[in-house]
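Those protein sequences? They're chains A, B, C and D, same order as listed.
Numbered according to this note's numbering, the first sequence spans residues 22 to 156.
Numbered according to this note's numbering, the second sequence spans residues 22 to 156.
Numbered according to this note's numbering, the third sequence spans residues 22 to 156.
Numbered according to this note's numbering, the fourth sequence spans residues 22 to 156.
Certain hints may be false.
Copies of the same chain are indistinguishable here, so a pair counts whether it falls within one copy or spans any two.
[To be verified] For lysine-lysine, the following BS3-like pairs were computed, each having C-alpha atoms within a straight-line distance of at most 25 Å: (1) Lys34 <-> Lys76; (2) Lys30 <-> Lys76; (3) Lys46 <-> Lys118; (4) Lys30 <-> Lys43; (5) Lys43 <-> Lys76; (6) Lys46 <-> Lys34.
These aren't lab readings, by the way, just hints derived from the structure by calculation.
The structure presented is a predicted model; accordingly, all values stated were derived computationally and were not measured.
Protein chains: 4
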Amino acid sequence: MHTVVQMLKTYPKDLGNIDTTKLTKAIQTLAECAQACTACADACLSEDRVADLTKCIRSNLDCADACSATANILSRHTGYDANITRTFLEACATTCKACGDECARHADMHEHCRVCADACRACEQACRDLLANLG
Amino acid sequence: MHTVVQMLKTYPKDLGNIDTTKLTKAIQTLAECAQACTACADACLSEDRVADLTKCIRSNLDCADACSATANILSRHTGYDANITRTFLEACATTCKACGDECARHADMHEHCRVCADACRACEQACRDLLANLG
Amino acid sequence: MHTVVQMLKTYPKDLGNIDTTKLTKAIQTLAECAQACTACADACLSEDRVADLTKCIRSNLDCADACSATANILSRHTGYDANITRTFLEACATTCKACGDECARHADMHEHCRVCADACRACEQACRDLLANLG
Amino acid sequence: MHTVVQMLKTYPKDLGNIDTTKLTKAIQTLAECAQACTACADACLSEDRVADLTKCIRSNLDCADACSATANILSRHTGYDANITRTFLEACATTCKACGDECARHADMHEHCRVCADACRACEQACRDLLANLG
Chain A
22 MHTVVQMLKT
32 YPKDLGNIDT
42 TKLTKAIQTL
52 AECAQACTAC
62 ADACLSEDRV
72 ADLTKCIRSN
82 LDCADACSAT
92 ANILSRHTGY
102 DANITRTFLE
112 ACATTCKACG
122 DECARHADMH
132 EHCRVCADAC
142 RACEQACRDL
152 LANLG
Chain B
22 MHTVVQMLKT
32 YPKDLGNIDT
42 TKLTKAIQTL
52 AECAQACTAC
62 ADACLSEDRV
72 ADLTKCIRSN
82 LDCADACSAT
92 ANILSRHTGY
102 DANITRTFLE
112 ACATTCKACG
122 DECARHADMH
132 EHCRVCADAC
142 RACEQACRDL
152 LANLG
Chain C
22 MHTVVQMLKT
32 YPKDLGNIDT
42 TKLTKAIQTL
52 AECAQACTAC
62 ADACLSEDRV
72 ADLTKCIRSN
82 LDCADACSAT
92 ANILSRHTGY
102 DANITRTFLE
112 ACATTCKACG
122 DECARHADMH
132 EHCRVCADAC
142 RACEQACRDL
152 LANLG
Chain D
22 MHTVVQMLKT
32 YPKDLGNIDT
42 TKLTKAIQTL
52 AECAQACTAC
62 ADACLSEDRV
72 ADLTKCIRSN
82 LDCADACSAT
92 ANILSRHTGY
102 DANITRTFLE
112 ACATTCKACG
122 DECARHADMH
132 EHCRVCADAC
142 RACEQACRDL
152 LANLG
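Pulled out of the complex, with its shape left as it was, chain A reads as follows:
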């Protein structure tokens, strides 16, 4: 997803003090996590023991919504408001943590939960790294 880099490089105004490497990483990881969560919810629905996975599916759906909204917010710089960025990164990190924990519980039995848990962990970390950079 190298277009994230290109879009940041061609932004016509100053991006301020934000670390664009961390910002790029966050946007890419959020998009990846949103897709993984949407796909994991669906894979869980296809498991014979779907009844054991309803909390996982709900976590996946919440996490997909959280990551999509946060990726959109991070992709905008006009009239930048650090408060909004910060509160969404925090909300998203909380949601990724919860979904990563839930998926990790099923990672031994379901490979898609293992892949999704990894995506959630990476996304939580990318959100926290960017938060630390925002100060």
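Following the hints, position chains B, C and D against chain A.
Relative to the frame of chain A, chains B, C and D by itself:
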């Protein structure tokens, strides 16, 4: 949007201690605010002096994303996680406050900003009311 | 959701020949259907026999995505492109039809599926009514 | 975005006759295009001559919604319905074509429009390639 009520009434499991009147109000107001913000961003784009409204448009787009994600999260109850609900209500209230303030600045000149500011205020309040109920 | 009407009335430019009553109805019904589908997917997840409802949940999730995207597209008028409106209304009507049919299959056993089926039917109709108006 | 591949490989049921290479490409390209369009709308807002770019911004926002919804729908396979997939791929290809054309008009003056036009072209092609495979 009376289906919000019907969907809550027909939910097959216990909804816990949540105040369903406040929950209903929040979901309805979030959907209304998301639409108002999407429409206000577009109305601003149609103003002759769009160059003065770019921060407003950006706030509108962030707020639409925030409200849509939060409405979805509030519409799910399976494996309910109060931490996620709380953090998203806070993030959304912050975003609605910022967008309401920004729209209010243009409310005298642009009727759509006045309508949208009202929707943002109502949504911020509905989020805070539900937050207070969650304890 | 009377703000839909207010946002259309305060739009600063001409809306063209579109029937604003049908447009209002479509936007409101799409928002209502999106929420009902998100809630129905979650209610299905809470059913003891969730294993019988996996296709229904998937239809709900697709329909929620379709309705949300279409509601957004209909809320924008700047640089209006009838081809995009038309193709999304058709895609959304197809998705609402499929989800309404699927929910209707479970309407006798699950009240939330009955409510959701009604929301899908109403939404399909509102999309088709607006399509007919677009010519 | 290699998790798209991993999620498809770990899907617990048969994916049917779909060409998973084309499906992977479509999901990845849709996510990339959605982000590029969100970022391009915002970059246009930051241009001094934003008044000349309002149609472009609207196309960007529609295209971002179209691509996000279609990426989600393609990420689900449970109770697969080829009609929904097909109609969304067609709607999305139409929207990507319109946005790519609009961005191309400004590509000489605005680098972000050139990058976004490329993302839209690639996405339109990926949608059409998958459509051809669905038959």
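Under the constraints set out in the numbered hints, which ones does this structure not fulfil? No hint contradicted; all consistent.
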